[in-house]
Amino acid sequence: MLSENQKASFSELSAKNAASVSQAAGKRLALLFDDGVYTQLDSFAGTGVLTAYGYVDGNPVYAFAQDPVADGGAVGKAHAHKVCRLLELASRSGAPVVGIYDSIGGYIEEGTDLLNAYGEMLMHISNLSGVVPQISVISGVCAGTSAMLAASADFVVMTENAELYLNPPSMSQKGKGTAEDAAKSGLASVVAENDEKAMEAARKILGMLPSNNLSPAPEFDFADPAKAASGTASEIAEAIADVGSVIEVSDKFGKASYTALATVGGYSVGIAATNKTADKLSSDDCAKIARFVSICDSYSIPVITIVDTEGFDSAEPTAAVRNAARLANSYAEASCLKLSIITGKAYGAAYIAMAGANANSDVVYAYEKAVISPLAPETAVEFMYHDKLSGTSDVNADRAKLAAEYAAENCSACLAAVNGAVCEVVAPSDVRAKLIGAIEAMGGKRLTKRLPKKHGNMPF
Numbered sequence: 086m087l088s089e090n091q092k093a094s095f096s097e098l099s100a101k102n103a104a105s106v107s108q109a110a111g112k113r114l115a116l117l118f119d120d121g122v123y124t125q126l127d128s129f130a131g132t133g134v135l136t137a138y139g140y141v142d143g144n145p146v147y148a149f150a151q152d153p154v155a156d157g158g159a160v161g162k163a164h165a166h167k168v169c170r171l172l173e174l175a176s177r178s179g180a181p182v183v184g185i186y187d188s189i190g191g192y193i194e195e196g197t198d199l200l201n202a203y204g205e206m207l208m209h210i211s212n213l214s215g216v217v218p219q220i221s222v223i224s225g226v227c228a229g230t231s232a233m234l235a236a237s238a239d240f241v242v243m244t245e246n247a248e249l250y251l252n253p254p255s256m257s258q259k260g261k262g263t264a265e266d267a268a269k270s271g272l273a274s275v276v277a278e279n280d281e282k283a284m285e286a287a288r289k290i291l292g293m294l295p296s297n298n299l300s301p302a303p304e305f306d307f308a309d310p311a312k313a314a315s316g317t318a319s320e321i322a323e324a325i326a327d328v329g330s331v332i333e334v335s336d337k338f339g340k341a342s343y344t345a346l347a348t349v350g351g352y353s354v355g356i357a358a359t360n361k362t363a364d365k366l367s368s369d370d371c372a373k374i375a376r377f378v379s380i381c382d383s384y385s386i387p388v389i390t391i392v393d394t395e396g397f398d399s400a401e402p403t404a405a406v407r408n409a410a411r412l413a414n415s416y417a418e419a420s421c422l423k424l425s426i427i428t429g430k431a432y433g434a435a436y437i438a439m440a441g442a443n444a445n446s447d448v449v450y451a452y453e454k455a456v457i458s459p460l461a462p463e464t465a466v467e468f469m470y471h472d473k474l475s476g477t478s479d480v481n482a483d484r485a486k487l488a489a490e491y492a493a494e495n496c497s498a499c500l501a502a503v504n505g506a507v508c509e510v511v512a513p514s515d516v517r518a519k520l521i522g523a524i525e526a527m528g529g530k531r532l533t534k535r536l537p538k539k540h541g542n543m544p545f
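Here the sequence shown stands for residues 86 to 545, numbered as in this note's numbering.
Incorrect hints may appear among the rest.
[Stated by the list, open to error] Simulated DEER-style distance windows between Cβ atoms:
(1) Glu-304 x Glu-401: 39 to 47 Å
(2) Met-208 x Ala-489: 55 to 63 Å
(3) Asn-252 x Lys-530: 40 to 48 Å
(4) Asn-495 x Pro-253: 53 to 61 Å
(5) Glu-401 x Leu-126: 48 to 56 Å
(6) Pro-459 x Gly-260: 36 to 44 Å
(7) Ala-485 x Glu-320: 22 to 30 Å
(8) Glu-494 x Glu-525: 36 to 44 Å
(9) Asp-515 x Pro-253: 51 to 59 Å
(10) Pro-253 x Glu-304: 41 to 49 Å
[Unchecked claim] Within a straight-line C-alpha distance of at most 27 Å, the following computed BS3-like cross-link-like pairs (lysine-lysine) qualify:
(11) Lys-519 x Lys-454
(12) Lys-289 x Lys-269
(13) Lys-365 x Lys-269
(14) Lys-486 x Lys-365
(15) Lys-312 x Lys-454
(16) Lys-162 x Lys-112
(17) Lys-519 x Lys-486
(18) Lys-167 x Lys-112
In case anyone wonders, no lab produced these hints; they're calculated from the structure. Given the structure is predicted, the values throughout are model-derived calculations rather than measurements. For glycine and all other residues, C-beta sits at the position ideal for the given N, C-alpha and C.
With the sequences and hints as input, model every part of the structure.
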């Protein structure tokens, strides 16, 4: 039985924590969960963070939200304990986790206890990686070790006025650590106007993902698009995906690549594409696609790859080798269903990495106009007809003519299909139906030839 004094203290604490819920952290949680309803965990441990569970589109989700009103959301031992308890419950339940970050930093007074607190949170977040979907929503300052925690999630959503950095930018680093900077560097998957839009983005992404790595991806009702799959990467994605389903991620990172979550025939998919705004893949493009493929693979989400590229940027030759190897490795290690569409150019290492009809792709489609070659045709004719070209009056024009002839005779989609480099030549108007058929037939893909190992060693 509680004494009268204990009851009074209990009531006072209840009122204090109820007031805390009405602040930024509670409002953000309300924006995340269905109808704004959630259940707090450890509600009497007033530590600058709220932990809760509720439903997003009817599915269980766990979330924590740092409260900048309560001690600036400062991280300490008690703060970490609440977050780790939430993460442990999520792992037991097999439910996604959303972390909402807005904190001035840590309790420096706690000394090494603070280091241990951060380490404990990082361990739990890392252990959950690839087990349940994790989304970080950065709604204010996210600095130091908290930035490492947030960046460890599958997807990072930031509001426009949010900040993300390890160390505060100096006066000479204007614009660094901002949401825009994070988007350009590939850290922020989505930049939203405000908290409401950020939580909306988090809800949409969660809706595309299964609850955990053992659950099937969700299926949806859908409407067919009205146009054939042609044009830029984004236009092709919109044309093969169900109407209104495309969620582009990391759009400011990598000028020659495109990544998006979507549904095709009601099935969740990841779409990775090369973008016609640039001919060759940079280090950023390779990192962007490789990580996206890895995330999709973690949750057995089929990956559709749209290929139209001349290859890898060789401005730094050794870096290009590393980038190509990293991209190829991510595709080869992925055991999810992999479908590729060659819509234009697919030369050499780029074809092998993203559309190779072996380990890197289960089914490869090609448009009739596709050019599939071990080398760029211009390079091939330079090797094969160098003596012939050296004696002409207009080398460039003759090289272009020979390259066009070489491509038509040796690099056509039909010839690639005859040689087994392409499974089927399709028209843009038919490719969506082909993709849906493949997903329905091969969605339960299983691998039997993998050697036992802890993990591969990707060239980062």
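| Okay, which hints does this one fail, numbers in order? | Hint check: 17 fails alone, others pass.
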